[in-house]
Amino acid sequence: MKRIVGIVLVGLGIASVLAAGSLSITGAGATFPYPMYSKWFDVYHKENPTVEINYQSIGSGGGIKQITEGTVDFGATDGPMNDDQLKTFQDKHGCAVLHFPTVLGAVVPTYNLPGVTASLNFTPQALAGIYLGKVTKWNDPLIAGANQGTSLPADDIIVVHRAESSGTTYVWTDFLSKVSEEWKTQVGKATAVKWPVGLGGQGNEGVTGTVKNTPDSIGYVELIYAESNKIPYGNVGNAAGVFVKASLAGVTAAAAGAAKAMPDDFRVSITNAPGKEAYPISSFTWLLIPARISDAAKRDALKNFLSWMLADGQNYAEALSYARLPKEVVAKEKKALAQIQ
Amino acid sequence: MATTTTTVPGAGPLAGSRSFLSRLRDGDEIARLGTFLFAASVVLITILLVYELWQGSALPRHQFGFSFFRTSVWDPVFDQFGALPFIYGTLVTSALALLIAVPLGVGAAIFLAELAPLRVSDTLEFFIDLLAAIPSVIYGLLGIFIVVPLMRRVIQPQLKHYLGFLPLFQGPAFGLGFLTAGVVLAIMIIPYIISVSREILLSVPRDQREAALALGATRWESTWKVVVPFARSGIFGSVFLALARALGETMAVTMVIGNTPVISASLLSPGDSIASVIASQFKEATGELYTQSLIELGLVLFLLTFILNGLARIMIVVTSKRGTGLGQA
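Chains as they are written, first to last, in the working numbering: chain A, 1 to 341; chain B, 1001 to 1329.
FYI, nobody ran anything at the bench for these hints, they're computed from the structure.
Quick caveat, the model's predicted, so the values are computed rather than measured.
Using N, Cα and C, we set each Cβ at its ideal position, and we do this for glycine too.
Hints may be right or wrong, so weigh each one.
[Unchecked claim] One-sided excerpt, in silico: chain B residues whose CB lies under 8 Å from chain A: (1) Q1063; (2) R1152; (3) I1155; (4) Q1158; (5) P1172.
Turn these sequences into a full structure, and let the hints steer you where they fit.
What follows is the structure, given as structure tokens:
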């Protein structure tokens, strides 16, 4: 560690002479981890005054686009890059692009049912049915069956989804694709899809606003957003058949299940994860780093930041309602750092 | 709009008779070249814009051709893109906005220009200019927090109750949709119509009014039958300026239209517009065809604006020929 720091300091020394002061690293991408990242970059800058990391939260798609075009030093995304995108990057830059999980988040179903105070249970089939437009009434047996004792109205369900492309939608549709064959073949998973039914809300706040204002509606938002805005949300049935209310513990449990089978490139979906405590609509969020960085100062600074993020950085996660990485994943990522050359 | 051709004293025939060098030394030639370049940049930017939009949308133009305008599927997962619901939404919301804003705006302008005391008129003009300068996202918030709940709870149920037999007012009352977007747009463009129309009406020569009054017309007759027709083409100008804003409005629309690409006869249905979908989806659009289809939508919007502006010009020319208009004002 000392040696790395030493090398970095020497590197930074040279760079600072060249760049008259400090080393500036730019990144762009996902909006979901933005509060976490800005906290990290701020704390890191205070500890390492010579390194300044600028991050623009332009969305996951934008992050993938910009790192592929080489206009930023690193990207960030809520949905891993697909094989085509990896190949495009490889063809263009002659090296691979690496995924580094940073923290975890979850997506929760939120609803507005006047008169219903109990926290509703949603089976995966019920959620898929609602978003496919097949389950149209709140008292449909698919919903009522999981909520014995709660009297549900016979009203039409008003479905709300994100209007713009978003990582949240990716996680949501990824989950629905895993639990419903019909969803997989008809709609699929992506940051934006052709919704069979529903109204589009702009951003988490748009979805929340529409759900709050519209009786009998259902929508989905990020857990952090629901927590910080005190929005009620439902429990979701997981792969073990248990209804779980989203929480940091549930998200970490989902990640722990996946950690054992973590592929070497970290591109893994942990929706519908096994385990009784696992919350099924959870996801990693990733930093995208090119495997070859020709600027030595930048390379060392980025690597140094990543190892800081995996160690000290993780301690800031819970305060901001993000779930920290499981130990196994941290260990694996530390090894993967060597791939950056 | 009040386009005035001003002739600079000293320019013109006299300037032409001097030698190029002396004009260069006096700065005339430099000023001419400089201002010419500024004027040319307008054309240049337009050409560049069209070129970029055209180049950037090569993929969907080849793949979909004209069916891009006819199909109404917008599916980023299976790479199927059609512009029809967005064109429809843009036209419907803009038309609704004009329908509401033109009578209100022109009426208010007539009051301010002809009937109100000058001090009242000037004070109100200050507020109108203020309204015109408010960012559209603020109007969007106004839409979400005030117009949408009002629509859902009061206006749309009433419309359904009394006019529900019309296909225009059927379906569930979400609060979001074409009608709400139209109303919010109308609120946004009214200041433009009032402000420009008022200026036009004020610039109608005084003798026109006096002649009408001398012939025995009442105050209202002189306003409605003489002053307003005289200013007609200018008022048209203000309406088309407002239309241009309505067509291209992004944030306020995307916040209240419901963002669902459907074509529905019902004004209560959620929909989507061209500018709104570009704003929503461009930043995270992954895949070439998807991104380029959004760029082609930009081209379509440009085309739409171009056509409507052309129609506006023709309309102004036609009405001017009838002996009214701004030519003299």
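Okay, the hints, checked on the actual structure:
For Q1063 of chain B, the suggested interface contact is broken, since its CB lies about 17 Å from the closest CB of chain A, more than 8 Å. For R1152 of chain B, the suggested interface contact is upheld, since its CB lies about 7 Å from the closest CB of chain A, less than 8 Å. With a least beta-carbon distance of about 14 Å to chain A, the hint placing I1155 of chain B at the interface is violated under the 8 Å criterion. The interface hint given for Q1158 of chain B is violated, since its Cβ lies 18 Å from the closest Cβ of chain A, which is over the 8 Å cut-off.
Evaluation of the P1172 of chain B hint against chain A yields a held restraint, the C-beta minimum of about 7 Å falling below 8 Å.
The structure fails to meet hints 1, 3, 4 from the earlier list, while all remaining hints are met.
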